[in-house]
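Student: Protein chains in written order, with the working numbering: chain A, 1 to 331; chain B, 1001 to 1405.
Incorrect hints may have been included.
As the list claims (entries may be wrong) - Computed footprint of chain A on chain B; a stretch qualifies when at least three of its residues, placed anywhere within it, have a C-beta under 8 Å from a C-beta of chain A:
| # | region |
| --- | --- |
| 1 | 1077 to 1088 |
| 2 | 1104 to 1113 |
| 3 | 1128 to 1142 |
| 4 | 1171 to 1184 |
FYI, nobody ran anything at the bench for these hints, they're computed from the structure. These numbers come from a predicted model, not from an experiment. Just so you know, even glycine gets a beta-carbon here, dropped at the ideal spot from N, CA and C.
Residue-level listing of the chains:
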Amino acid sequence: MSSLTDTGAAQVESRERQKAHARQRSLARIGLIIAVIAVAGLIAAPFFVYPVFIMTVLCFALFATAFNLLLGYAGLLSFGHAAFFGGAAYFTAHAVKVWGWEPLLAILLGAVGAGLMGLVVGFVAIRRQGIYFAMVTLALSQMIYFIFLQAPFTHGEDGIQGVPRGDLLGLVDLNRPLNIYYFVLLIFLVGFYAVWRIVHSPYGHVLQAIRENENRAISLGYRVERYKLGAFVMSATIAGLAGSTKAIVLQIATLTDVAWQMSGEVVLMTLLGGMGTIFGPAVGAALVVTMQNYFATSDVPVTVIVGVIFVLCVLLFRRGIVGEAIRFLKR
Amino acid sequence: MRIDKTLLAATIVAGLTMPAAAQEISDDVVKIGILNDQSGVYADFGGKWSVAAAEMAVEDFGGTVLDKPIELINADHQNKPDIASNIAREWYDTQQVDAIMELTTSSVALAVQGLSKEKGKIDIVTGAATTELTGKQCSPYGFHWAYDTHALAVGTGGALVKAGGDTWFFLTADYAFGYSLEEQTGNFVKENGGEVLGSVRHPLASNDFSSFLLQAQSSGAKVIGLANAGLDTANAIKQAAEFGIVQGGQKLAALLFTLAEVHGLGAESAQGLNLTEGWYWDQNDDNRKFGERFMEKTGRMPNMIQAGTYSAVLSYLKAVKAAGTDETKAVAAKLHELPVEDVFAKNGKVQENGRMVYDMYLFQVKKPDEMKGDWDYYNEVATVPGSDAFLSVENSGCDVSQYAK
Chain A
1 MSSLTDTGAA QVESRERQKA HARQRSLARI GLIIAVIAVA GLIAAPFFVY PVFIMTVLCF
61 ALFATAFNLL LGYAGLLSFG HAAFFGGAAY FTAHAVKVWG WEPLLAILLG AVGAGLMGLV
121 VGFVAIRRQG IYFAMVTLAL SQMIYFIFLQ APFTHGEDGI QGVPRGDLLG LVDLNRPLNI
181 YYFVLLIFLV GFYAVWRIVH SPYGHVLQAI RENENRAISL GYRVERYKLG AFVMSATIAG
241 LAGSTKAIVL QIATLTDVAW QMSGEVVLMT LLGGMGTIFG PAVGAALVVT MQNYFATSDV
301 PVTVIVGVIF VLCVLLFRRG IVGEAIRFLK R
Chain B
1001 MRIDKTLLAA TIVAGLTMPA AAQEISDDVV KIGILNDQSG VYADFGGKWS VAAAEMAVED
1061 FGGTVLDKPI ELINADHQNK PDIASNIARE WYDTQQVDAI MELTTSSVAL AVQGLSKEKG
1121 KIDIVTGAAT TELTGKQCSP YGFHWAYDTH ALAVGTGGAL VKAGGDTWFF LTADYAFGYS
1181 LEEQTGNFVK ENGGEVLGSV RHPLASNDFS SFLLQAQSSG AKVIGLANAG LDTANAIKQA
1241 AEFGIVQGGQ KLAALLFTLA EVHGLGAESA QGLNLTEGWY WDQNDDNRKF GERFMEKTGR
1301 MPNMIQAGTY SAVLSYLKAV KAAGTDETKA VAAKLHELPV EDVFAKNGKV QENGRMVYDM
1361 YLFQVKKPDE MKGDWDYYNE VATVPGSDAF LSVENSGCDV SQYAK
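Next up, chain B with everything else stripped away, as it sits in the complex:
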């Protein structure tokens, strides 16, 4: 179990000064657990870097809340929901953890959110995509920061059509996640006056995309949408580069891809790729300052998952402070009520179903010769207003009336 030195110092200081305030903090410590994949395929997507972002949030908050120390712990769930569930239970039952955050991959996020709901604890998801988290399986104490499949579909589907990409062909991973991405994106393409010319399904964890890419190429569609994730997307992009698809005038749109994956792939292969993210370090001075601090600490720039985790931790601490306690219901109420204004979300609001609504952006990866520095990857193409990017409470499928007040 890792405890930050600053936190330790904060603990000692807090112990010495012994606050007179009669505020209620259970066990005299606010404990936040970061649970994500640190050794598997999502190790760069969130991973240890999310933990570093969370540490920065605690530092920026001052190390204490209501004169009580803040403690961060983290664990690697190895992409296994059963390990995640086991660790989360143990954290809640025996380690006095007050909230669990990050939670990369849908099956893990849903499992831990279900558990948190049952135990009456707060969870804030930044690393998982499924809209179920704030839909049918929503929780009064569950929050979804950063992105979801709907926002990605609106961003990449809708905004790209407006930017001229009005005929589409999909390369879809042959399982539920792929279908839902294809369907949602396809809907936004059509809503905005675009047309879906066709799609082809490839098996999960494919190595050879050549026949699928050739079909996509010969379809004549302006945009080739990659409705898949992780290694599949990376492989498809690499092979598309070999086929000269982007040079041939077609656009490549990845539906789930972040700065970390672009960096992993390199600008040579990823150039011209369109993707949606909620945050980029080179958008404004605030972001640049945060990015540079993060760079100093970790040697890399954060993506929306890591910056989102920073925001989630910070917002939680603000809510604890505003509520004057770390009691779940009071903090959840404050989280719903307070606006989210930090380096990540400039003007965020939390809906009743737990969805944090803020603006997303459509980016295009630069050509290698346009890059000015190591992490200078994106050109901003369009802004997707939060109200478009995310489902409203009514459309989310979350029955907020069941929340016990």
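Chain A extracted, bound-state conformation:
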């Protein structure tokens, strides 16, 4: 009897699992369709929307996506990501403007520089957990902020201004709106794909295991600290990639990008869109940047509008916009 019920239970379970798999697959298919539509939309977008605006959105979307790699998948709340975003912007702006580097090379320099800063900050920060981790990253990023405030090459509060866009690989003139748009779109897609690959790799699964239960991951023999540091460096590098690209697009690098408020803003973007979802942070970033730019001409202070929307979001859909959408589809 007991063996019969066991097999019965096993059958039920396997059927359940199959169903879950099917649901997962259909979700993945929906995700793929959305991705294809989104890419097609982005390719066509500059003909309908002002290109510089979309490029700004793309830069912030990539920044939030990189941040989400750490918060959403490794469960690490860094409160110092502005240092990598803004630091990379300074490196790139300086390389292009003063050293006369080719833009792509300068962007890579910015990303690598951010990665190195991430290595140092991460090395110290991952030794602590939770709120202490967040505080260590905040403290270190404030130190980096003061370095950029004081260093002569950043020109203090004036910032690095009038950064030339230059010619990509000496061939493509980036001063033409469509050229730079597709260049930025390509960088965004590469960065976005990199995050997607990392999340869906065995490495990404280990990260998620650490997020769910760090002690269990340790007891299974994973060297948790290395995984965390790896995630931190990758996140910093991609955040740097976003910051560098923004410096080329808007032709400036200023203290705003390294200030702690920017670290807060990326948390806001990620939470609004949906922490731990692939598309969420990008959606959140698009929303915040759109509000900042289009409510700038309204009579109500922008900060109030953004604040109200954030409160509503936290009260009504705690998983963020995309997070709630996924939950709705799963039902």
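Model the placement of chain B on the given structure of chain A, informed by the hints.
Tutor: The following block gives chain B in isolation, referenced to the frame of chain A:
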């Protein structure tokens, strides 16, 4: 996007009458954008009040120029150069904006001036301090109205020494802006026979100035110079009042402080403070009349940023009228050429590097019991002639020969 009712009416009138004049106005409208901080720390320094001043300028000009309507738009850049840059680009590229003005904070002003130069558009800065705007990063189409760090240093440093404050101690914000203010002011103090006894650097956004103020107090200097800005200056002044520094006979000199901040702080804390501004409502009948009109519209008195924005908009419109077109080069040429004579600058001239030169004034904040009304804050101490207050073209670092004629 806000459009004034009078402007709308003007548009309709202009549309009905259809001028026969063959003058060239691009897109049949002269569009001016006011871009500044309306929600952050500089919201009272310029803010919505600058927009109100710009509206007054358009009204006073008659709502139309060369029979074409004048349209004003404004936006809040939230103190972020990237948002400012984004909005400015969109204004120039898709909204047919002809000129952008106000531009509070240096990083924003420099970013938008760089962009305007590239796009061949006019920008007139009233809200930012940096001399770079008419120095190394000058533009043939860029103008700097109101004040700059040099004028503040000359006004507060130089003029105060002449008025007897010949030994100085600086409280300096620990970043580039603070150093340059301290250095420039210190130079004028020394040039005028004064002496700098010492300085102390405080971190940016400090809450506790007590140890710095005690050092300043014990230095025995006659003047304590506050080489910082915004909230730091306000906090330092408040705490100086608690220490009784002004009552103790020392003078307090703020290097970047306007009527709006004095009003925010209140006369009780700000009394005895020395500061430099380019305009004050109670200087003469013209100013009083303007101040009262502004008061009626906004419920407050304008400072030099707001009155300066009025002058910038008015001067731009005069230049468009004189040039007979809103084409950038022609208007910029007229802006350089025409004297600036309005309620703000009684006898202003625009230098080749875009710097508008006019007289600045050293003021001292009254004691609360001397005040006759709500906004009666200043006693005029000295006039700083424009030629002293501002750098000449040769000394500015602006290479005017690079301007394409």
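Student: If you count the residues of the region 1128 to 1142 of chain B with a beta-carbon closer than 8 Å to a beta-carbon of chain A, do you get 3 or more?
Tutor: holds (count 3)
Student: Please check whether the region 1171 to 1184 of chain B has three or more residues whose CB lies within less than 8 Å of a CB on chain A.
Tutor: The restraint on the region 1171 to 1184 of chain B holds, since 4 of its residues have a Cβ under 8 Å from chain A and three suffice.
Student: Are there three or more residues in the region 1104 to 1113 of chain B whose C-beta lies closer than 8 Å to some C-beta of chain A?
Tutor: holds (count 5)
Student: At least three residues with a C-beta closer than 8 Å to a C-beta of chain A: is that true for the region 1077 to 1088 of chain B?
Tutor: Three-residue rule met by the region 1077 to 1088 of chain B, so holds; n is 10.
Going down the numbered hints, you'll see the structure goes against none, and every one checks out.
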